[in-house]
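Listed below, chain by chain, are the residues.
Protein chains: 2
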Amino acid sequence: MSDSVELLYKQIGDVLKERDGFLLSAHVRPDGDAIGSVLGLGLALEAMGKRVLMVSEDGVPASLEFLKGSDKVVHVPDVTPEMLEGLEVMVALDTATQPRLGEGVNALFVDKGMQVINIDHHISNPAYGDINLIDSHSPATGQIVYDLLKSQGLGVPAGSRDALFVAISTDTGSFQFPSTTARTFEVVAAMTRDGLNIGEISSLTYHRQPLRKVRLLQDLLNCLELSSGDRVASWSLLNSTKERLELLPDDSEDLIDHIRSIDSVVVAVFFEELPDGKIRVSSRSKDPKVNVCNVCLKFGGGGHAMAAGARMAGPIEEARTKFLAAVDDELAAASNS
Amino acid sequence: MSDSVELLYKQIGDVLKERDGFLLSAHVRPDGDAIGSVLGLGLALEAMGKRVLMVSEDGVPASLEFLKGSDKVVHVPDVTPEMLEGLEVMVALDTATQPRLGEGVNALFVDKGMQVINIDHHISNPAYGDINLIDSHSPATGQIVYDLLKSQGLGVPAGSRDALFVAISTDTGSFQFPSTTARTFEVVAAMTRDGLNIGEISSLTYHRQPLRKVRLLQDLLNCLELSSGDRVASWSLLNSTKERLELLPDDSEDLIDHIRSIDSVVVAVFFEELPDGKIRVSSRSKDPKVNVCNVCLKFGGGGHAMAAGARMAGPIEEARTKFLAAVDDELAAASNS
Numbered sequence: 000m001s002d003s004v005e006l007l008y009k010q011i012g013d014v015l016k017e018r019d020g021f022l023l024s025a026h027v028r029p030d031g032d033a034i035g036s037v038l039g040l041g042l043a044l045e046a047m048g049k050r051v052l053m054v055s056e057d058g059v060p061a062s063l064e065f066l067k068g069s070d071k072v073v074h075v076p077d078v079t080p081e082m083l084e085g086l087e088v089m090v091a092l093d094t095a096t097q098p099r100l101g102e103g104v105n106a107l108f109v110d111k112g113m114q115v116i117n118i119d120h121h122i123s124n125p126a127y128g129d130i131n132l133i134d135s136h137s138p139a140t141g142q143i144v145y146d147l148l149k150s151q152g153l154g155v156p157a158g159s160r161d162a163l164f165v166a167i168s169t170d171t172g173s174f175q176f177p178s179t180t181a182r183t184f185e186v187v188a189a190m191t192r193d194g195l196n197i198g199e200i201s202s203l204t205y206h207r208q209p210l211r212k213v214r215l216l217q218d219l220l221n222c223l224e225l226s227s228g229d230r231v232a233s234w235s236l237l238n239s240t241k242e243r244l245e246l247l248p249d250d251s252e253d254l255i256d257h258i259r260s261i262d263s264v265v266v267a268v269f270f271e272e273l274p275d276g277k278i279r280v281s282s283r284s285k286d287p288k289v290n291v292c293n294v295c296l297k298f299g300g301g302g303h304a305m306a307a308g309a310r311m312a313g314p315i316e317e318a319r320t321k322f323l324a325a326v327d328d329e330l331a332a333a334s335n336s
Numbered sequence: 000m001s002d003s004v005e006l007l008y009k010q011i012g013d014v015l016k017e018r019d020g021f022l023l024s025a026h027v028r029p030d031g032d033a034i035g036s037v038l039g040l041g042l043a044l045e046a047m048g049k050r051v052l053m054v055s056e057d058g059v060p061a062s063l064e065f066l067k068g069s070d071k072v073v074h075v076p077d078v079t080p081e082m083l084e085g086l087e088v089m090v091a092l093d094t095a096t097q098p099r100l101g102e103g104v105n106a107l108f109v110d111k112g113m114q115v116i117n118i119d120h121h122i123s124n125p126a127y128g129d130i131n132l133i134d135s136h137s138p139a140t141g142q143i144v145y146d147l148l149k150s151q152g153l154g155v156p157a158g159s160r161d162a163l164f165v166a167i168s169t170d171t172g173s174f175q176f177p178s179t180t181a182r183t184f185e186v187v188a189a190m191t192r193d194g195l196n197i198g199e200i201s202s203l204t205y206h207r208q209p210l211r212k213v214r215l216l217q218d219l220l221n222c223l224e225l226s227s228g229d230r231v232a233s234w235s236l237l238n239s240t241k242e243r244l245e246l247l248p249d250d251s252e253d254l255i256d257h258i259r260s261i262d263s264v265v266v267a268v269f270f271e272e273l274p275d276g277k278i279r280v281s282s283r284s285k286d287p288k289v290n291v292c293n294v295c296l297k298f299g300g301g302g303h304a305m306a307a308g309a310r311m312a313g314p315i316e317e318a319r320t321k322f323l324a325a326v327d328d329e330l331a332a333a334s335n336s
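Note that the protein sequences, when read in sequence, are chains A and B.
For the first sequence, counting from 1, position 321 maps to 320 in numbering that gives the first Met the number 0; every step adds exactly one.
For the second sequence, counting from 1, position 267 maps to 266 in numbering that gives the first Met the number 0; every step adds exactly one.
Wrong hints could be hidden among the right ones.
Because identical chains share one entry, a pair is satisfied inside a single copy or across any pair of copies.
[Claimed, not checked] Within a straight-line C-alpha distance of at most 20 angstroms, the following computed DMTMM-like cross-link-like pairs (lysine to aspartate or glutamate) qualify: (1) Lys149 - Glu185; (2) Lys67 - Asp262; (3) Lys288 - Glu199; (4) Lys16 - Asp262; (5) Lys285 - Glu199; (6) Lys49 - Glu17.
Source of the hints: derived by calculation from the structure; they are not laboratory data.
My request is simple: use the sequences and hints to build the entire structure.
In structure tokens:
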């Protein structure tokens, strides 16, 4: 740890020890790192006898309700004036920009005289807090929270530890993403020595899904099309399917990995009909020479060379035909370069 | 580490240092821990200047051919008499019983005057070697090999390290199984500090699959049936599907996890038509009170309370009806108990 990080840790540690009344939140549409970091810090502060209000613009996703204390995270519309009394410090966790906390969360602390602490691992974070602990080398905000608590001699109770484990595990794709560091494994080794039940919590985190997600995968596989010599794989999600299966917004997340992983596939594309009739396109490339951002730019979208998106006019079959033709052009350009 | 384990490590370490000419192998139908342990020890011995012959009864599965040095693992029919000259020590890795090495491998060393070292993590291992290092607390044989090499001051070259990582990662289900220990995370932390490219090797290990496996999943999902109030999920794999998709024997492995993970499901059952017309049944329970071994015993099978199997007479629809009726009886008995 560098000197400046050590000082920052101590500065935040002092606030956590000396002040009372903490408001904690994370980004809209929260994932495992968002909820895990809020609970990880929140339950540790509660164990110190502090008053804590944990809030979330969009509540807690059903898939994370198994975390102990998740019922303490208040959905913003349910926040009462009494809950806000005496809050002194706002801690924003895993939130790259202040608007990403959500309008409702911002309304709870902006111009209320609270000190803002900003703890995050996104390199793009513009340091919108009064104190900013941004460590882009950490694969998860949960890992920063763990190191912060430990370095300041603060306790990490079991519920806090479990939540921070889920934060780290989900944001590293179960310790598979390139962002995973040696420190990540050391932290989890210490958690395991401390009593973490790795089998149980992994099973709750990864081996549960609603039936509708399995039916969604079936539907997508049934419309999977391979083209350009099996180098391009694509599928489409229709509004009628969303209604039939009663899908929730996050249900299709990560499903593109199923087709991206096919050996022959270089580009995977997911077409999704939106309620307004527009088509959301998500594309992934496995070859740095095949730039899907170039393709998405042609349709007013953008992103990175290997992961990009766009919104196109419908109908979906027309959008699919146009987009896949542009993918073919990009594949041809890459093989000629 | 206990004194006796320390002595055992030293005893094996001395053999590795003092002798020359090593034959290494693992169990038939090798998985990541089998091939990873063989390569992990084999490449370390080669780096020490030792003569090493690595063999496998069934070769190396295509999914593991990305491991550096995997081309040095000789498929048993390709072993020549010259390769066997001067071999002094046989090391069996990750192999619970001697016959599990395969007939061809046994023929290479039995009655040839070789010293046999048996390194494994299966509790049922009857200690068939001259020296036996059986550590059932280790989630993977690869983890034992790593600790052995490190404790004896032997080098772990990059290829060896990568192979041992894959051994550990695959045998812990990417660090999710209950068998994963704090030591597991410490070992991987050390490997990462030592230069392991976690993103690249995880991608090669987990994010590649042949198109036929995706088509197999589609076929299974299309015949998925939920019964008993969505508490029982089952699907069937027909011989005609195996032929149409040109499946290999291991292609259907682990697919039952897709339906086991459905929230409402208590029992998941996989019916597979075998070339001889018999039906292989694999069943999983998620509730300790619902004993699928009881069900399988009725059809001459067996196993554990939460994972059991049986072979039944065909045709497959008849077997499916009979087996699912017995599952219903077990569910009823469990809810009455």
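How the hints compare with the structure:
no.: 1; hint: Lys149 - Glu185; result: both (13 angstroms within a copy, 18 angstroms between copies)
no.: 2; hint: Lys67 - Asp262; result: between (40 angstroms within a copy, 19 angstroms between copies)
no.: 3; hint: Lys288 - Glu199; result: between (42 angstroms within a copy, 17 angstroms between copies)
no.: 4; hint: Lys16 - Asp262; result: neither (53 angstroms within a copy, 41 angstroms between copies)
no.: 5; hint: Lys285 - Glu199; result: between (34 angstroms within a copy, 12 angstroms between copies)
no.: 6; hint: Lys49 - Glu17; result: within (10 angstroms within a copy, 62 angstroms between copies)
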